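Chains as they are written, first to last, in numbering that gives the first Met the number 0: chain A, 0 to 268; chain B, 0 to 268.
None of these hints come from the bench; they were simulated from the model. Keep in mind the model is a prediction, meaning the values are calculated, not measured. Hints should not be assumed to be uniformly reliable.
Any copy will do: because identical chains look the same in the list, a pair fits if it lies in one copy or spans two.
What the hints assert, rightly or not - Cross-link-like lysine to aspartate or glutamate pairs, in silico, DMTMM-like; alpha carbons within 20 angstroms at most: (1) Lys-254 with Glu-120; (2) Lys-144 with Asp-208; (3) Lys-124 with Glu-155; (4) Lys-250 with Glu-120; (5) Lys-198 with Glu-161; (6) Lys-124 with Glu-246; (7) Lys-130 with Glu-87; (8) Lys-250 with Glu-159; (9) Lys-193 with Glu-155.
If you want the building blocks of each chain, they are given just below.
Number of protein chains: 2
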Amino acid sequence: MATRQSNPIGVFDSGIGGLTVFKEVVKVLPGEDLIYLGDTARLPYGNKSAATITRYALEATHFLLGKHIKLLVVACNTASAVSLKTLEDRFRIPIVGVIQPGARRAVEATRTGRVGVIGTEGTVKSGAYLKAIRQSGPRVEVFSKPCPLFVPIAEEGLSENEIAQTAANFYLRELKRIGIDILVLGCTHYPLLKRVIRKTMGPRVTLVDSARETAREVLRVLADNRLQNSRRSGVGRRLFYVTDYPERFQKVGEKFLGEKLGKVIEVGI
Amino acid sequence: MATRQSNPIGVFDSGIGGLTVFKEVVKVLPGEDLIYLGDTARLPYGNKSAATITRYALEATHFLLGKHIKLLVVACNTASAVSLKTLEDRFRIPIVGVIQPGARRAVEATRTGRVGVIGTEGTVKSGAYLKAIRQSGPRVEVFSKPCPLFVPIAEEGLSENEIAQTAANFYLRELKRIGIDILVLGCTHYPLLKRVIRKTMGPRVTLVDSARETAREVLRVLADNRLQNSRRSGVGRRLFYVTDYPERFQKVGEKFLGEKLGKVIEVGI
Chain A
0 MATRQSNPIG
10 VFDSGIGGLT
20 VFKEVVKVLP
30 GEDLIYLGDT
40 ARLPYGNKSA
50 ATITRYALEA
60 THFLLGKHIK
70 LLVVACNTAS
80 AVSLKTLEDR
90 FRIPIVGVIQ
100 PGARRAVEAT
110 RTGRVGVIGT
120 EGTVKSGAYL
130 KAIRQSGPRV
140 EVFSKPCPLF
150 VPIAEEGLSE
160 NEIAQTAANF
170 YLRELKRIGI
180 DILVLGCTHY
190 PLLKRVIRKT
200 MGPRVTLVDS
210 ARETAREVLR
220 VLADNRLQNS
230 RRSGVGRRLF
240 YVTDYPERFQ
250 KVGEKFLGEK
260 LGKVIEVGI
Chain B
0 MATRQSNPIG
10 VFDSGIGGLT
20 VFKEVVKVLP
30 GEDLIYLGDT
40 ARLPYGNKSA
50 ATITRYALEA
60 THFLLGKHIK
70 LLVVACNTAS
80 AVSLKTLEDR
90 FRIPIVGVIQ
100 PGARRAVEAT
110 RTGRVGVIGT
120 EGTVKSGAYL
130 KAIRQSGPRV
140 EVFSKPCPLF
150 VPIAEEGLSE
160 NEIAQTAANF
170 YLRELKRIGI
180 DILVLGCTHY
190 PLLKRVIRKT
200 MGPRVTLVDS
210 ARETAREVLR
220 VLADNRLQNS
230 RRSGVGRRLF
240 YVTDYPERFQ
250 KVGEKFLGEK
260 LGKVIEVGI
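For reference, chain A alone in the conformation it holds in the complex:
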């Protein structure tokens, strides 16, 4: 009989960006079964209102609970920023967002106490990183900058194109001038632009990859709740659901994961 430990982990994002988190979870927990849900019919969330995003996040969580997940990863900064509290109040399984882990890492890593955060308009506007960073390090100064074009640039596979460099120069100019020593990649798409962001910011600025930090948090929460799937020795099963356009998800998703995705199933939620 299936135990709770052998149930899958659910990973939810507005679209494809959460695959950067998915990839990091696979790295630290290769034996776990994973179910990914990308709400591609309604992406992007970054420029939508808090009420609408929360409604979408609730619908996504209901869908994944129907698949008997043991833990939910909200692998979308915008949804984590505006909806995590509502989800935690409403549901009983452990829920891991992508804000807290990156914020904590930034506070640990800063030497100058000047931290930059880049993300979508929704994430930055919500002030969620500011709040999370202040909670871990009350004296840390936070400088935020929305970089809305980074998402479509990553989605279109143009992360290595000159357009990405021009956009990075434009968006990061101010943060460079301010003089930060940590820059949090506060959007799951941004790890794809790491190279160009690193080049633009220079060697003195350390990038915090919230996808990687989130995967570590998932590992910790599973251990704390004794939910690790200890019986499996091989590689876990991976299932991908999207609300629209599975072919596109498959194609772009391979860029994100760096490997074949397998079957992608279209669902209404």
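Starting from the known structure of chain A, fit chain B onto it as the hints suggest.
Chain B in isolation, oriented as in the chain A frame:
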């Protein structure tokens, strides 16, 4: 008593881009009442599937019919490309899309018989421009290129930024090399990038603005159906509905219209 002639014209788009069409309709028909619906909760349509886009278009049309519109303008190239036929089959009011008018103008204007079309991935993939242009001019050669970043660039108010120029250089390189004499702006957002597109393509290429051509078509269809509002002498009423984020629509919309928008109402459809 209100006559059918005094009923409003409905203009529907996935978001804000259709305001370029709205603006042109206002220019040629200043006395008409206009109702705009932007489906901002689910934008953009350009990277979604045909079935999903058609479902959204049907819902939008039902909403506007509830407001007693006498004519519907599908002011979205993607929705026109994939859903116009379904809407025409389903509803009895006159419906004007944005593909046909631009396509016809391109055929009239070309001297070399080599026409370029730029639009979203959805519009280009649908082949709707190719089909519409071939119908008016069977011997015209059509060269299409999706320019997916142009929409977010326009929406973010970066049409005059260096990012727009870098993207235009990248996307239009091939069309320049091919040697077209007409370029159809096959997306309602693109008129905002006219300056940079014109500069990139050079003086020998004529741009066809599908927003402007669509407004002329609306005038013609109203006249043919004796639906013009002849009783009104002043300026018509304008109402704006969006499915999400009215503040953002108001702010960005003013860039599109070049004037204040008045009240923007949020609705569920």
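A quick look at each hint next to the structure:
1. Lys-254 with Glu-120: between (24 angstroms within a copy, 18 angstroms between copies)
2. Lys-144 with Asp-208: For Lys-144 and Asp-208, only the intra-copy Cα distance (16 angstroms) is at most 20 angstroms; the inter-copy one is 34 angstroms.
3. Lys-124 with Glu-155: between (25 angstroms within a copy, 15 angstroms between copies)
4. Lys-250 with Glu-120: Result: close only across copies, 14 angstroms inter versus 26 angstroms intra.
5. Lys-198 with Glu-161: both (13 angstroms within a copy, 19 angstroms between copies)
6. Lys-124 with Glu-246: Close across copies (13 angstroms), not inside one copy (33 angstroms); limit 20 angstroms.
7. Lys-130 with Glu-87: within (17 angstroms within a copy, 51 angstroms between copies)
8. Lys-250 with Glu-159: So Lys-250 and Glu-159 pass the 20 angstroms test inside one copy only (17 angstroms; across, 32 angstroms).
9. Lys-193 with Glu-155: Only inside one copy: Lys-193 and Glu-155 sit 16 angstroms apart there, 22 angstroms across copies, limit 20 angstroms.
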